[in-house]
Amino acid sequence: MIKSKRNLALWVVFLAAAGIAPHVLGIVKTNVLVELAGFVLYAVSLNLLLSYTGVLSFGHALFYGVGAYTTALLLYHVEGFPVIGALLLSGLAAGVIGLILSPLLVRVTGTAFAMLTLAFGQLMFILCLKFREVTGGEDGIAGYDVPNLNIPGIASFDMLDPTVFYYFALAVCVIGVLIMWYITKTPLGQVVVGIRDNTLRVDYLGYKVPQTKAIVFAVSGFFAGIAGSLFALFQGIVSTDGVLHIMVSFYPIMAILIGGIGTFFGPILGSGILIVLEDLIMRYTERAELITGLLFIGVVLYAPGGLLWLWRGLMAKLFGSKSQPASEEVEA
Amino acid sequence: MSENILETINLFYDYSGLQVLTGVDLQVEKGERHAIIGPNGAGKTTLFNVITGMYSPSRGKVMFKGKNVSGFKPHKLSRLGMGRSFQITSTFHNLSTFQNIRMGVLSRMGIRFNMFNRVDKMEDVTKETNAILERINLKEETHAPADALSYGKHRSLEVSLAMSTDPDLVMLDEPTAGMSRDETHSAVDLIRRLTEGRTMVIVEHDMDVVFSLADRITVLHHGKVLAVGRPDEIRNMKEVKDAYLGHRREV
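The listed protein sequences derive, respectively, from chains A and B.
Here UniProt numbering is used: the first residue of the first sequence is 1, the next is one more, and so on.
Here UniProt numbering is used: the first residue of the second sequence is 1, the next is one more, and so on.
Excised from the complex, chain B in its bound form (with noise of 0.2 Å):
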């Protein structure tokens, strides 16, 4: 068995007073593409929050690459290799495409507080920012505003962010959110192609883009880890059926 990229230990997190997780030990290992599912009301988006510093657990550790992370501000973790995306997309609207991706590349080079040479004259900046935009399919809007981006593109756009800085661990959260069938399908193509050598976590509702995408699944119920196991394994399994439909027979 590989290692660990990520764990969460007896994690707890409560909004004052409600407890909405209520001791999740979840493991995604590295390499591999972990959907973390459940019914509305699970604790999903939170335990997502948590793991991405934007929340501090209540009780509980965040394991991130051996090292507790537990309470990380977000720019820490992205330094150490975690990267997210956003349910309700939340690029640098009135920015271009270009100057949007070029915002996490900057970064990914450790160029953070530079005010003494000029941007667009970073060559090497320019070229994987482009080499970037032509791997999304987004060339040909290389100057448009992202709020002039139809919603499909402007979805890969917010997808594509989370991965500019070339994070190892990648969190996705409901990447297909309010997207046609055939956006759907081209997200998912673009996921896949570019998670390609990395772990990614994904929320989703979807159970198409989850049981397409996803190596391994955790569902999450009532705060709770309740099942973990491959995609063939969740589909056939009966609490998992039970936590969704709640007690009925025929499914």
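Just chain A, with the same shape it has in the complex (with noise of 0.2 Å):
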């Protein structure tokens, strides 16, 4: 009960926050807070696979790339096309990109799993640079127009208004992260962690591996698919450096492992570090990576695991070492 009510009081202070926030930081940063709402979906899409299903992906970019080229190409061939269906339809081709793959992908983990991924990732990385009639090439695909999200008889908001876009991936990041952390309290979300923990013993308590693995995949590559689809409608332009990159790939295994591995709201945390501290940097340098390599570096070494960790070590250290039961975070 006391937990419920807290929960509900950060709820509270999150959506106030986040509501009041555009009015508070101005533009220019909001727009910081847009990449944010994209990067933290993105990192928890690749978190289901890694801290989840155990594999370290080194590929993610292809669903991100894919759903940002989807709905680059869908604005630009059809004119007004809806942006809620744009959305959805990135989503579903990049699920389904992961449904395709998944026959090859479920049958490898550990250092095959890795390879595997970032040959796939850098296929789909070859093949938007080369496929110049419809994918651009370097140039990419821009000059589309971002129609107003309608919803019929309500209203319809200007896309272009960057204040307004800001609630839009908002509220997209949220429903998204939301949906995921459901997904792990079902029974397919603890399969999987069984899979993570023990493969075999899954297989010997009747469950399917493969398939369950193929369905993670999917969901990983849908919502990864989504938050490409919102840097496509963010930023108007998506070509192979932006979106197929491979520090695209790398960039949310950083967040996840300077957030905390293995916990749901690591990558949420090592996002929002990442991402603030990126554009903190950018003021005085273009070479960001000097940085966050370095905290990434120091994560790695004095903080194993990530930063989650590191402060749930020491809240137990600070208020006695109450003998912490398996919550449901330590199954994460």
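No false leads were slipped in.
Taking CB as the label site, the calculated pair distances span:
no., chain 1, residue 1, chain 2, residue 2, range
1, B, Leu18, A, Leu88, 50 to 60 Å
2, A, Arg107, B, Leu18, 21 to 31 Å
3, A, Arg107, B, Asp147, 23 to 33 Å
4, B, Thr126, A, Leu314, 29 to 39 Å
5, B, Asp147, A, His77, 52 to 62 Å
6, B, Asp166, A, Ile175, 36 to 46 Å
7, B, Leu18, A, Leu314, 46 to 56 Å
8, B, His93, A, Ile179, 20 to 30 Å
9, A, Leu123, B, Glu196, 53 to 63 Å
10, A, Val96, B, Thr126, 29 to 39 Å
11, B, Ser58, A, Leu123, 37 to 47 Å
Some chain A residues near chain B, calculated using beta-carbon distances under 10 Å:
no., residue
12, Tyr182
13, Thr186
14, Leu188
15, Gln190
16, Val193
17, Gly194
18, Asp197
19, Val202
20, Leu205
21, Val219
Derived from the structure by calculation, the hints contain no laboratory data.
All residues carry an ideal CB built from backbone N, CA and C; glycine is no exception.
Got two chains here, each in a separate frame; can you build the complex from them with the hints?
Here is the structure:
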């Protein structure tokens, strides 16, 4: 009961803060928050694979890129294509790609999985780079109009207004993260964690491991695609370097490792730290990686597992080591 | 004579040339507790793994409930009603005792791909899981991660996990391996209680456990069945003594 009250309070504070943020921070910083919203969604979708299924993907940009390109192509070729439709179709396209690749991906784990995803990610990168007629090659696709977000009979929102877009991105991010959180609490979420802990045993208990993993790949791909779509809607330009580059795959991994691997909320914390830090550094130098890289190394050396675990360790030390039961979070 | 729930017919298995099973004919009757024993290297564990779908037989057949299941994948065998435990404890080490058992309960209830309902709101699942925990005396450790259990309790969890899917045939691979005297004693009790009304096949080194649990024993030697019989018959069989101890006169 106390816990749910605390959660409610946290939600109220979060929504209030998120609600007034654009009016307090101004347009430039609001744009950073939009970027953050998309990135959080993206990092959490990768975390479904890394922390829950226990496989490390080096090619998550594949899904992000497919989502971004789908949105860009739709808006470029079909004038006035509804925003929500583009968003969902982008997620769907990425999810289907996840399903198509899953027969290969479910067969491998560990380094082989990382290398295979890396290969697929790079394959898509090259494909989009060379298939100029469709993707515009290095220049990418630009100059598409983002139509208003119409909710029939209620309102029409101008998506080019940064504040409006901020609220839109925030809503998409929160809904997406909530859905993924919910899935981790379902039987399927439990089985996935079981696969991470002991694949063989899950098999011997009567579960179909490959099929279960395929569903997770599809879900993870779907939300990564949604995040990519947000990027396309916001930036108004989609290019290979922007959405399919290898760094796009590595960045969320950094966010997860900095925030806290094996937890649901770690990646959100990590994303916040990375994006805000980068914004601060960018005022002084272009080489943001100099600092974020140092932070990454520092965390890996001195707080392995991420800052959330460091925090929990501190809390346990400060407030007496009340032997923490295997709470729902430990499973994560 | 009652029907055989499990049968292997002329079963062969070789590890790239090394013949481990050379024509095993094993019969397990429905409802009995059957032990497989034999000296080291007799092929017990290999036989066990071929039956439970870890390996496919090189030749011969595995019949389960009158159906040829040679080469079936573990999850298929599990759904047909075969459960197994592991010699080296193989639970979900980061999950709580409760979550471990729940994994089997969910599978038994056919809830395998549900991603729309919260698992902790499924009352029948929770109730059944708690009932099992009660039965195996792990109620107090409900929330403890499997890794934090004492060795004996972790082994109990291992064996119970094999039975959490409510199988008709339970295959136990050295369930008391590495246990102390006391732990072994309570483990045998637990196994006897849990396998009530099921068929059990056990591979075991500890002869006390074998003789106190088994209704019937199959002795394996050099990849073949050397003898089959009731414990008292096996105990006094000359060939068995020879197989275990070599050709010595005074035993």
